[in-house]
Amino acid sequence: MSYFDKMRGTTQSPPRVSPLEILWSWLGSFLGIAAVAYLHYDLLSETDLMMIIGSFGASAVLVYGATKSPLAQPRNLVGGHLLSAIIGVAAYQFLGSHLWLACAVGVATSIAVMHATKTLHPPGGATALIAVIGGEQIHALGFFYALIPVGAGALIMLLIALLINNIPNTRRYPEFWY
Amino acid sequence: MEESNGLFCRPVDLSDGDIYKAMREIPGYLDITPGDFKEIYRIAFRRALERLQQPVPVVDIMSREVLKVKTDTSIIEVARLMAERGVSGAPVVDEEERVAGVISEKDFLALMGAGEHLNFMEVVARCLSSKGCVAAPMKKQSAGDIMSAPAVTVGPEATSADVLSIIEKRRINRVPVVDRTGGIIGIVTRADLLRFSGGKEKA
Numbered sequence: 005m006s007y008f009d010k011m012r013g014t015t016q017s018p019p020r021v022s023p024l025e026i027l028w029s030w031l032g033s034f035l036g037i038a039a040v041a042y043l044h045y046d047l048l049s050e051t052d053l054m055m056i057i058g059s060f061g062a063s064a065v066l067v068y069g070a071t072k073s074p075l076a077q078p079r080n081l082v083g084g085h086l087l088s089a090i091i092g093v094a095a096y097q098f099l100g101s102h103l104w105l106a107c108a109v110g111v112a113t114s115i116a117v118m119h120a121t122k123t124l125h126p127p128g129g130a131t132a133l134i135a136v137i138g139g140e141q142i143h144a145l146g147f148f149y150a151l152i153p154v155g156a157g158a159l160i161m162l163l164i165a166l167l168i169n170n171i172p173n174t175r176r177y178p179e180f181w182y
Numbered sequence: 002m003e004e005s006n007g008l009f010c011r012p013v014d015l016s017d018g019d020i021y022k023a024m025r026e027i028p029g030y031l032d033i034t035p036g037d038f039k040e041i042y043r044i045a046f047r048r049a050l051e052r053l054q055q056p057v058p059v060v061d062i063m064s065r066e067v068l069k070v071k072t073d074t075s076i077i078e079v080a081r082l083m084a085e086r087g088v089s090g091a092p093v094v095d096e097e098e099r100v101a102g103v104i105s106e107k108d109f110l111a112l113m114g115a116g117e118h119l120n121f122m123e124v125v126a127r128c129l130s131s132k133g134c135v136a137a138p139m140k141k142q143s144a145g146d147i148m149s150a151p152a153v154t155v156g157p158e159a160t161s162a163d164v165l166s167i168i169e170k171r172r173i174n175r176v177p178v179v180d181r182t183g184g185i186i187g188i189v190t191r192a193d194l195l196r197f198s199g200g201k202e203k204a
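Protein sequences appear in the order of chains R and L. For my numbering, count along the first sequence from 1 and bump the result up by 4. For my numbering, count along the second sequence from 1 and bump the result up by 1.
You can trust all of the hints, since none of them are fake.
One side only, chain R facing chain L, incomplete, derived with CB under 10 Å:
1) G13
2) S29
3) L66
4) G69
5) P172
Examples of chain R residues toward chain L, derived with CB under 8 Å:
6) T14
7) T15
8) Q16
9) P18
10) P19
11) V21
12) S22
13) E25
14) A70
15) T71
16) K72
17) S73
18) L75
19) T174
20) R175
No wet-lab data here; the hints were simulated from the structure. All C-beta atoms in this analysis are idealised placements derived from N, C-alpha and C, irrespective of residue type, glycine included.
Use the sequences and the hints to build the structure in full.
What follows is the structure in structure tokens.
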């Protein structure tokens, strides 16, 4: 296939899911994000701790909306976030004087490491990026960022996914654990 | 796809539409395009074919309960035993239980005037045009007299592929599996080969 032919695409997009599936995706993600956001805004607001970061929105798409995807499995959800968080923090600490470079190295290295460890989870890229661009509050956490909010948040979303995704008989989660 | 073992196997030509419909039947979002699925299917089919063509050890496919007759068993008895067990042939063993030959429908047909092709219809034709039983002349004979000898046998280390090539080359239907002393431990028939042409998934 020639270079330009490749740009035409070769197949069609997957089918739309049923309205019931859409409903379950809505409910799962509502509860998953609600749990994390409630902790963040109502329980930890008096502390310096935080529980929610932007990449959890992306994780919600996968673990509540594409539950069969290899990218959405527990190994990927937890492993991908943890590794990317560590890499993101390291990128900021070593390359913080050149923020553009810290961003690029953090995200690119996260993807490479997630590939190599079979934990590819797209929101992990955001988790690494947030470690660099997240501002003073994130930078102050240092490597603790990998535990809270990242690790704890991923675990809470995993717990909600296990509880909710296994209710309808058209769904089961996970496909595999590791 | 490719031709092998005289079998022409190719995957069913799935259309993107077939796959799309299947994806719709499975609830939930599938993180794959119909095109990717088709490619996986095509490659998996080729792998399966390769696996199915792996020879299996003959001891895994042979029948262990073998009807065997002795060289001095009368062929009336042989015919009765074969009919009873529903087999079309049996190994013939000597006094020391060593395989001396194989007796089969073909040996009977030959004596009943089946001609060079050992064709049953030729026997029918002769039977219809003669008064007595065309098998009558061999009434007094025993298995050792009419069997095909020496027996074509294989050892327990042989594979399904070995047996297949022997059966094709020698135009026979069964091969006794014998130990080093010539004692019988099983028999592999065309039917056994067919049944296991599916191969075995290694657990």
